[in-house]
Amino acid sequence: MSTRTKAFVNFYAAIGTLQTYAALDDNAKALAAKQDIAVRFKVKDGPDGVLVFKGGAVKALPYSEGTKTNIVLNCSSNEKFNDLVDGKGAAVIPSKGFFKLGFMLNKQSAFNVLTAEMAALMRKKEFADDKEMRLSTLLAFNAMIAALVQIGNVDDIGRMSAARIAAGDIGIEITGECACTIRVTKQDGDTKLEYIAEKSPSPRAQMIFDSIGTAKGVIDGKLDAMYCISTGKIAMLGFIPMLDNLNKILNLVPKYLA
Amino acid sequence: MKINKYDNSRKLMERAIKVIPSGVYGHLGPAEGCMIPVAAFPNFAARAEGTYFWDVDGNKYIDYMCAYGPNVLGYNDPDVDAAAREQLSKMNCVTLPGEAMIDFAELLTNLTKKDWTFFCKNGGDVTLYSSMIARYYTGKKKMIFVNGYYHGVAPWSQKADHPGTLYDDCKNSLYVEFNDLEGLKKIIAENKDDIAGLISTPYMHGNFQDNITPAEGYWPAVRKLCTENGIVLIIDDIRCGFRLDLSGSDHYYGFEADLICFCKALANGYNVSALCGKEFLRGAAGSIMYTGSYWMSAEPFAAGIACIKKLVANDACAHFKRIGTMLCDGLVKMAKKKGVNLKASGEPAMFYLTLKDDDSEYLHQQWVAECVKRGLWLTNHHNHFINLAMNEDTVKETLEIAAEAMDAMIANNPQVYKKK
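For the record, the sequence lines run as chains A and B.
Under my numbering, think of the first position of the first sequence as 1, with each following residue one higher.
Under my numbering, think of the first position of the second sequence as 1, with each following residue one higher.
Do not rely on the hints blindly, as some may be mistaken.
In silico DSSO-like cross-links for lysine-lysine, where the CA-CA straight-line distance does not exceed 30 Å [said to hold, decoys possible]:
1) B:356 / A:192
2) A:255 / B:171
3) B:11 / A:216
4) B:11 / A:222
5) B:356 / A:233
6) A:186 / B:159
7) B:171 / A:186
8) B:60 / A:233
9) B:18 / A:125
10) B:18 / A:124
11) B:171 / A:233
12) B:418 / A:199
13) B:159 / A:255
14) B:186 / A:216
15) A:255 / A:199
16) B:356 / A:199
17) A:233 / B:186
18) A:192 / B:159
19) B:18 / A:222
20) B:18 / A:255
21) B:185 / A:186
22) B:60 / A:186
23) A:233 / B:11
24) B:343 / A:186
25) A:186 / B:186
26) A:192 / B:171
27) B:186 / A:192
28) A:88 / A:199
29) A:233 / B:5
30) A:233 / B:185
Derived from the structure by calculation, the hints contain no laboratory data.
Chain B extracted, bound-state conformation (with noise of 0.2 Å):
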């Protein structure tokens, strides 16, 4: 198998670092995006299409991240580009909304058995008018997020000591584990008519752990401690939207959240958020000033209905499933073949891999590396992601790429294989 080389991902690299912080900054950087090591990836992509994407070097990839989300259908999907195009040949960006808004509001309102609908531009737009929504209709001041949380970058949503955020910023949130009803009940308590809201997202798919899903149970008990307790429920499901169920993934885990935040999957990588939520949550909602210069773009609603549409028309979740399972099974059996103890968590359609032969995960990091340096694109810090161009054929060739990684990691450590 063809080894990657990154030369122009190198040389575009210098360029950029020296007109932009750390080169690339954020979840696509090689830091935050946890590129170990950074020789075993490249930097910038040239081309996508369907379920892969070539870099600068003219590397071609399977793409588990899907833009880590965004890309739903397949990248370049010609309906969703081409209902993009057509609105855009009639306006995009005007000083009034166009009626795609509304289309697409009465879309997912309808989808998602809410009874209206909020768009922004991103996942943290969404999520902090959740909490002003709920801090301004209760008139209580504390959130409760769930460990291991990630609800975007701005500082209500950081913990003390993240750089930029003061320690006041976070004077009023309260923390409990995903799962721990007991804990949940102890802190509702400790703080009784002081909580505004509770934010999760629908099972915990936080980065650098296990995922794990809601334990039996456990959703409805926390619906009904929310409303016992005058605590707004708000899901954020920018990761999982449309990926376990469309009708969002407190449907599909059997209750129903007030506010529910959607992003990632909602227009196939056109930029655009939405917030759904209950009747008794409108009020609320309209009287907070709460607004952006594209918010009302009408191409990405646009866009975003075609996906939908597609979605649906395609009976996509199942495919999700389906695809996610075979997949996960698949590497599973083939480690265990070589003596390697690879774990797959999560939800099928958001998997999340781990080799467990040690607590570093060194030996998970070479391996995804190996992975990534023969076209096999994985993570080894974050959830992966199923769409709708992926099929058998996809997870036959994932299959001989992982293999072969794999191979040149046992062969990279003998101290840890020798036995096996």
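Here chain A stands alone, though its shape is the one from the complex (with noise of 0.2 Å):
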């Protein structure tokens, strides 16, 4: 596992979550409306995005220039980050917005409550009701799929998967609930992934769940994946080579999502 795979799928999949939280469940919107501020995470050698609180509303970007931030958080190294996302309180060296630390340092700001509470629903084995069931699920599945974005841009035996995927829109789908794209371009020789929160107009590809016991049986590792295209949980069509490297980087994604 490389750290610096594990710090862009920290930034864009397990604190880019948030988004998906505070998008589906109407107390983190609340408690999202609190905070109404851009931090900047700037990691050496690694991901540079923006995390946007506004008007309950949570957006996980990466910085472009001239893009405003309240505060910017530098951190020396991938390695550090990831202590930091892990609670193991590495230290982050604040280049502007002394004043607004308590976004990070006060364990009661709406950043800090949210992330443990998602990282706690996430967790979870036994719910209180489907709808938490539900909930945990989405979140999982978001997260997910973002980590795989990331690994196939980043990670080198992903970057290779990646690579030999077709240009174009990959369809992901849980019947019913949700559906998300990843957009695969080329440049230069390059491929490039991208997280689309919404439904491809024109999928090149699709992949879809038949409902949300499926994507949480293969989330948990409960449920074979090939078990469920084998019995038709899972639909795959479309141009087929571009699932079945995707299915790849998909495998590196429990080694940096545990």
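Using the hints, build the complex out of the two chains.
Following this line, the structure appears as structure tokens:
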């Protein structure tokens, strides 16, 4: 496992799933609404992204020149950033926004409470009701796809698989629940995967889970994906080599999201 | 036309899935076999005869996959089965091999114009062995693969991201495109004196792509480059062997391989594979300890001898080409009349079909599924095969089913075909 890839997964999949959490859960949305802030995580040789809390919505975006930020948190290495996300308390050096550091340091800040609640929800094995199970699964599903995209863009083996995916949209869907897109683009011999939290208008290949239960079973490792394909619980259609290679990246996700 | 139902297949799949990973793993299974959608395909066969098989629900299929190649004469060929039974009545798997092994080796060595033959069981056994011989003989480590290749499931022939394969398994693999002589020259120059072998199918019959036959002069030029640079030229004739040319596909395309791998069409379904090689590699082949529990069983040798003799007696490759051409021409013409752009590529004996009206293959997958539901077994991702039991009537029957299936596909996609 590469620490650099892990850092990208941590920012865009682990922290980035706050976006889905705030979008799907009213309590999370209300909590997120308490914060109006843009925090830049600048990791040396790693992700350089901005986490934005605005009007109850959360977004994890790549930093680009001119993006307004309230806090800039510098991390001297991917390893230290990973420790920070894993709650091992690694030091970050703020270069901007010293007076707003409560965002990170205050355990009761919206960021810290949301992160802790979301992590607990995603780790949960027993649920109070179907609604909670559904929310947990959708969060884990989102984290899995977001991680897959980062692994395909950063990890050496993941990039090998990504390079063999033809350009176009791959639609991933849980029937009746959610749909997202992995957009594959090619430029100057490089392949880029992009996660879009919306259904593709024209997917070149599709992977469709027949129910939230199937998605949960696969995410938890209780259902074998090949069994699901064999029994029609997962439908694969369209240009299959795109999915074959995507599945090879998917195999790497548990290493990074464990 | 009757639309198939698969109740018994599904019941068997429920049993299988409990005790066998994926229920049916590998290329005969729903996942690797690209059975899209799975609801359109059966899972288990009950019996087979000639060019047909019947599933466990009694549905009958014209089978253009031919068990993915081994069915070269027709299922349950009486001559091959009789030879196998006769051999079984004497001996099969014994402490010493029988004379049939020599008889079969003599037959193949003469037919393929090589100097020796080595027997194994599966295609992957002989492709792996060929790479070991090339490395041992040359003392070099790198192997050139042609992109889009498939030479079996062992790690040496996989890419580093394949589950169960290590990065180190592939660090001596080099990759070129088929028909790309300049690319090949470049790779040889960059790895001078470090390349043991080049392994390739005689034409590019990779999955999920239009199949590509060799450009004029390609193979003689590859042969020359290999000879000049001390590279062992290995032809993986597992799929094509004895379907294009009974002397091997190197002979068909006008060059000579150093090693050539056979399997599928060798014995009409009895399990044997063979590596035929040139004299200068005999010593290397004999020096490598390479064996298996069933590799010298006599029954498949007897079946193989009967199979090859029948292929020769019936000028089988000419038949495959004639029937394959008739079928491909008929399918493309039928599709064109309906406003559908169907392309047949590769060699007619092993034709590959793609419907070109979208770049996602949804339409092609739908048409193939409609064919299977009506008793015509095609695949949406792999080349097909012709066998000796197919004839003009088979083609006629095929075209009728394919046309009705295409009408169903068109009716399900009015947004695509409204103008046509």
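### Query
CA of residue 171 (chain B) to CA of residue 233 (chain A), is that 30 Å or under?
37 Å, violated
### Query
Under the criterion that the straight-line Cα-Cα distance not exceed 30 Å, is the pair residue 185 (chain B), residue 186 (chain A) satisfied?
27 Å, holds
### Query
Taking only the CA atoms, is the gap from residue 192 (chain A) to residue 159 (chain B) under or equal to 30 Å?
Cα-Cα ~20 Å, so holds.
### Task
Quickly compare the C-alpha distance for residue 356 (chain B) and residue 233 (chain A) to 30 Å and report which way the hint goes.
29 Å, holds
### Task
Quickly compare the C-alpha distance for residue 233 (chain A) and residue 11 (chain B) to 30 Å and report which way the hint goes.
Distance of about 16 Å is within 30 Å: holds.
### Task
For the pair supplied as a hint, residue 356 (chain B) and residue 199 (chain A), confirm whether the alpha-carbon distance does not exceed 30 Å.
25 Å, holds
#### Entry: Hinted pair residue 18 (chain B) and residue 222 (chain A), Cα distance within 30 Å
With a Cα-Cα distance of about 14 Å, the restraint between residue 18 (chain B) and residue 222 (chain A) holds, given a limit of 30 Å.
### Message
Checking one constraint from the list: CA of residue 356 (chain B) to CA of residue 192 (chain A), max 30 Å. Satisfied?
### Response
Measuring from Cα to Cα gives roughly 26 Å; hence the hint holds.
### Query
Holds or violated: residue 18 (chain B) with residue 255 (chain A), Cα cutoff 30 Å?
27 Å, holds
### Pair hint residue 11 (chain B) and residue 222 (chain A), alpha-carbon separation not exceeding 30 Å
Satisfied, since the Cα-Cα distance of roughly 22 Å is no more than 30 Å.
### Message
Can you confirm whether the C-alpha distance between residue 255 (chain A) and residue 171 (chain B) stays at or below 30 Å?
### Response
23 Å, holds
### Query
Within 30 Å, alpha carbon to alpha carbon, are residue 186 (chain B) and residue 192 (chain A)?
28 Å, holds
The structure does not agree with the numbered hints 11, 14, 17, 22, 28 and 30 stated previously, though it agrees with the rest.
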